[in-house]
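Here's the letter readout for the chains.
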Amino acid sequence: MSDVTCAETCVIACAEIFSGAGEIMASPMATTPLIGARLARLTTEPDLLITDGEALIFADTPAVGTSAPIEGWMPFRKVFDVVASGRRHVVMGANQIDRHGNQNLSAFGPLQHPKRQMFGVRGAPGNTINHPTSYWVARHSSRVFTETVDIISGVGYDQIDPANPAYRFHHIHRVVTNLGVFDFRGPDHTFRALSLHPGVTADEVVENTGFEVAGLDDVGETRAPTDEELSLIRDTLDPKGLRDKEVAPAGAAR
Amino acid sequence: MTTGTRRTQTDKTSTLDEAIGEIRDGMTIGIGGWGSRRKPLALVRALARSDVRDLTVVTYGGPDLGLLCAAGKVRKAYYGFVSLDSPPFYDPWFAHARTSGAIEVREMDEGMVKCGLEAAAARLPFLPIRAGLGSAVLDFWGDELRTVDSPYPSADGRTETLVAMPALELDVALVHLDIADVHGNAAYTGVDPYFDDLFCGAAQRRFLEADRVVETTELVESVSPQRMLLNRMNVDRVIHAPNGAHFTFAGDYRRDEAFQRHYAQSAADPESWATFRDHFLDVDEETYQERVVEWTRERTEQKEGAPA
Numbered sequence: 001m002s003d004v005t006c007a008e009t010c011v012i013a014c015a016e017i018f019s020g021a022g023e024i025m026a027s028p029m030a031t032t033p034l035i036g037a038r039l040a041r042l043t044t045e046p047d048l049l050i051t052d053g054e055a056l057i058f059a060d061t062p063a064v065g066t067s068a069p070i071e072g073w074m075p076f077r078k079v080f081d082v083v084a085s086g087r088r089h090v091v092m093g094a095n096q097i098d099r100h101g102n103q104n105l106s107a108f109g110p111l112q113h114p115k116r117q118m119f120g121v122r123g124a125p126g127n128t129i130n131h132p133t134s135y136w137v138a139r140h141s142s143r144v145f146t147e148t149v150d151i152i153s154g155v156g157y158d159q160i161d162p163a164n165p166a167y168r169f170h171h172i173h174r175v176v177t178n179l180g181v182f183d184f185r186g187p188d189h190t191f192r193a194l195s196l197h198p199g200v201t202a203d204e205v206v207e208n209t210g211f212e213v214a215g216l217d218d219v220g221e222t223r224a225p226t227d228e229e230l231s232l233i234r235d236t237l238d239p240k241g242l243r244d245k246e247v248a249p250a251g252a253a254r
Numbered sequence: 001m002t003t004g005t006r007r008t009q010t011d012k013t014s015t016l017d018e019a020i021g022e023i024r025d026g027m028t029i030g031i032g033g034w035g036s037r038r039k040p041l042a043l044v045r046a047l048a049r050s051d052v053r054d055l056t057v058v059t060y061g062g063p064d065l066g067l068l069c070a071a072g073k074v075r076k077a078y079y080g081f082v083s084l085d086s087p088p089f090y091d092p093w094f095a096h097a098r099t100s101g102a103i104e105v106r107e108m109d110e111g112m113v114k115c116g117l118e119a120a121a122a123r124l125p126f127l128p129i130r131a132g133l134g135s136a137v138l139d140f141w142g143d144e145l146r147t148v149d150s151p152y153p154s155a156d157g158r159t160e161t162l163v164a165m166p167a168l169e170l171d172v173a174l175v176h177l178d179i180a181d182v183h184g185n186a187a188y189t190g191v192d193p194y195f196d197d198l199f200c201g202a203a204q205r206r207f208l209e210a211d212r213v214v215e216t217t218e219l220v221e222s223v224s225p226q227r228m229l230l231n232r233m234n235v236d237r238v239i240h241a242p243n244g245a246h247f248t249f250a251g252d253y254r255r256d257e258a259f260q261r262h263y264a265q266s267a268a269d270p271e272s273w274a275t276f277r278d279h280f281l282d283v284d285e286e287t288y289q290e291r292v293v294e295w296t297r298e299r300t301e302q303k304e305g306a307p308a
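Top to bottom, those sequences are chains E and F. Residue 41 in my numbering is what sits at position 41 of the first sequence, and the numbering runs on without skipping anything. Residue 101 in my numbering is what sits at position 101 of the second sequence, and the numbering runs on without skipping anything.
Only chain F is shown next, with the shape it has when bound in the complex (with noise of 0.2 Å):
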């Protein structure tokens, strides 16, 4: 018998730029959150800022679609929507990318998204789904959709034929949680875990942001068991950052709509545009903090000395 080194768990703590740097061009990245709902912006921001290129985009749309549009790093996106959930509504970046011919796209059913991370969670090559028959979606995808027969005939003896949603599989996925501790286990605090898990599930490198990082005890304390969406075998990395979803929201915090509303009209114009990046993107998350709160109480100051 070998007598072992007493060994602790992994402390799987990470930069955001620590994350970002196993990103190599051309993955296929997974983004949790929905619209414009828990996004993880923090790892977003750090990636745009990167040097990584031709980035194939899984996700429920929002901003987080939009600013790496901007950046210019998506070469091919598989949504089932991008909303930004207040108005505008529809993101100004996506749509640029999308009217200029600059993305590929497998656009589906909302469905759809989490039936494809569903069939990769569960190692399968495809899961069958009635949404997506009749529609466009067939014409978005062309040869890369296929349907599937069903070996049990109907009680009158037809055979039904499915969509057979292929495995999202995914390099990396990257999600937002409310509070986690060091090893990966993690909860949210909101009204709706969205998809984070099947993010996870589907990925092979897992890296997971959080506005609190606490000790173990201190998390399962906190919350419900059935608000522990992750566990320690969902996840590679934990960053920490607080606040990290902004502008869209939190279990601790509201969308920023001011903010988003910003980030909006700043797209309408290349120069406006340019001062938003230089501001607010060509920063690291620390900076990008700071000026959001600088940029709010100016905003408000200038709110309140405006004349009646």
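Excised from the complex, chain E in its bound form (with noise of 0.2 Å):
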């Protein structure tokens, strides 16, 4: 099949972010994340653990926005049982990342008096420190990869006390954009490129990053999806598009 869209590309990112993941709960915080860990689960991941979000954990793999046969129950209290297991991997947004990985999703501004509030550090830090998290970025700009984030909601490995046994459960997988695949495996924990989305230079990267992105030199670029991940994207999982409306499609102005 042809015509690869940029959020298929991106939607089959997010699936590889489960690659080996085995029986864990997969937990995906947007759309093409959540498409992303269906589609794994689809494929090469059948073990994964989903949920509708709310408090249901689903037997089958639905399309987004839809409801499946259920096999378990899942409150938000024992949601933190699960965190604290270790036993997840989430895929969080975020408003600002650093080059060691430090997310913030709380608010802009000084900690008492912001200038723009959002949701507050949420589950972050206890993800962070307790089980593999992820990030998905829509769109991939210095704003978002800045040089130091205003609030530490997700724990970055500049803020690791290796001698301190508690901070053992740390890692940041990877993190996928519009523009390629990253994680944190540059120099001393620093964010480094695995692959470029079809398309997108290096410049470009540089250009949308407040940091220095290790690894662009010799980057590779984003495999195409398969024949059987186009159906089960656009047949299956998303018939609706709704990935087109967090990731602009190929051809248009990012």
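Hints are not guaranteed to be accurate.
[Claimed, not checked] Stretch-level coverage of chain F by chain E, calculated; a stretch enters the list once three of its residues show a Cβ under 8 Å from a Cβ in chain E: (1) 25-35; (2) 186-198.
[Stated by the list, open to error] Below are the SDA-like pairs computed for lysine to any residue, each with C-alpha atoms no more than 20 Å apart in a straight line: (3) Lys115(E) with Thr189(F); (4) Lys245(E) with Ser86(F); (5) Lys240(E) with Ser67(E); (6) Lys78(E) with Arg227(F); (7) Lys115(E) with Ala268(F); (8) Lys115(E) with Glu104(F); (9) Lys78(E) with Thr189(F); (10) Lys115(E) with Ala267(F); (11) Lys115(E) with Arg227(F); (12) Lys78(E) with Ala267(F).
No lab work stands behind these hints, which were simulated from the structure alone. Glycine is no exception: its CB is placed at the ideal position from the N, C-alpha and C atoms.
Please dock the two separately framed chains into a single complex, following the hints provided.
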């Protein structure tokens, strides 16, 4: 199949976040990673647990926004038990991410007198200290990828105290954006490019990132979806094309 | 042997204003529910109408915190997040209180709220938790949040240092459940109990509002025992508040998304807020509920009458 859109490439990259995850709870917090998690579950990761985003664990893998038969109960209080158990991989959004993986979704400005209020830290501190965490950024810009975040909600690598074993479960696995796939395996756990989506140049990433990106010299291209994956995305998981509301189709101005 | 007078179990039925009449300036109030889900908004509206000031609020915040901020009741807030759960997501009155510096906050990880309530419910000074380490939560709290070293070293001889989440002790808890009896036995009928039993466990005085107040036999026949979240020991006052969680959702009704949007949009400027307040907040609960019905009917008629 031809004409793979940027959103579809992003879905593939989000699905690959869960490669090898096994029997854990996949908790995607936006449409594209949600399609990605469900795609992984329908292909290589059938043992993932997914929920309806409220309190029910799905037995089947439904399309975005639809329901399915259930296999269990996961009210919020039990989610915190799962977080503490480590058997989870969350994909959160971010208003800001810095070079070491510190993330902000709380507010902009001073702690007790912010300039703009968002959600507060939510579950970000507990997620990042307890189990694998990845991030999804639909519009990769230097406002998001900034030198320093205003409020550390999600914990980055430079906050880790190696002498304190309480930090031993911290792991930021991937950052997927509309430009490419990244991790924090650059020098000293810094932001590193793993692949850029088809048509995206290294210069474009440099222009839209507020700090140096490691690995851009020899970066590969994000792989194309298989025919089976494209069919699952287009016909099964997201027939209404909600992914295109989050990620502009290829060719549109980024 | 004394001849005792035969007594019956306490009838805890109260009005909203009787319950709110117990609340004093400066008290710490825990509010049940989650975001814009099963919030005790009839009690919150009554509190917003009262003369009480300088409250400290502990919550998984939604429009409960927003309405109290709008009424200028909040001095300090402890919360894991504040969300309306649907667009525009950020509560405008909480945002206004924050950006104007009107309230002091002890923002924390969502799991820390549960942990702090559990500590208070078990009458412990703290419970250790991993969440919070390495994050700005430590800066939000300053000296009020400390760490604790494990007395048991890890296998490699190192010591695990964790956040010592202090007990979130409450003067009063406000919760909304779907069905209750007059003694304080109560059940939720939706998919999630949230943390309402913990809020009650952490509080000195526990006020429960319920959509339906029925005989105990009817209560136990209408739900499975696992749904009975509160027992008599957890509750001091029972308030019959049909549709009391409005405009958040409860077991028998959905969130009133249109009205929540109207609430959020009305906060945009002083004039529209004055109108909203005059119409929906400076009135008793019965009038509020009547006006919501009226507002919904007018809105539906306008929509239907609009040119195609």
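To see whether the hints hold, each was checked on the structure:
1. Only when three residues or more bring their CB closer than 8 Å to a CB of chain E does the claim for the segment 25-35 of chain F stand; here the count is 1, and the claim is violated.
2. Taking a C-beta to C-beta cut-off of 8 Å, the segment 186-198 of chain F contributes 5 residues in contact with chain E, enough for the three needed, and the coverage statement holds.
3. A C-alpha spacing of about 40 Å is found between lysine 115(E) and threonine 189(F), which places the hinted pair above 20 Å, so the restraint is violated.
4. Restraint check for lysine 245(E) and serine 86(F): the C-alpha separation of about 17 Å stays at or below 20 Å, so the hint holds.
5. Note on lysine 240(E) and serine 67(E): the hinted pairing holds, with a Cα-Cα distance of about 15 Å set against a maximum of 20 Å.
6. For the suggested pair lysine 78(E) and arginine 227(F), the alpha carbons sit about 15 Å apart, so the restraint of at most 20 Å is met.
7. Under the criterion of a C-alpha separation no larger than 20 Å, the hint pairing lysine 115(E) with alanine 268(F) is consistent with the structure, at around 17 Å.
8. With a CA separation close to 15 Å, the supplied pair lysine 115(E) and glutamate 104(F) stays within the 20 Å bound.
9. With a C-alpha separation of about 18 Å, the suggested pair lysine 78(E) and threonine 189(F) falls inside the 20 Å cut-off, and the hint holds.
10. Distance hint between lysine 115(E) and alanine 267(F) is fulfilled; the C-alpha atoms sit about 18 Å from each other, no more than 20 Å.
11. Distance hint between lysine 115(E) and arginine 227(F) is unfulfilled; the C-alpha atoms sit about 43 Å from each other, more than 20 Å.
12. At most 20 Å may separate the alpha-carbon atoms for a hinted pair to count; lysine 78(E) and alanine 267(F) exceed this at roughly 35 Å.
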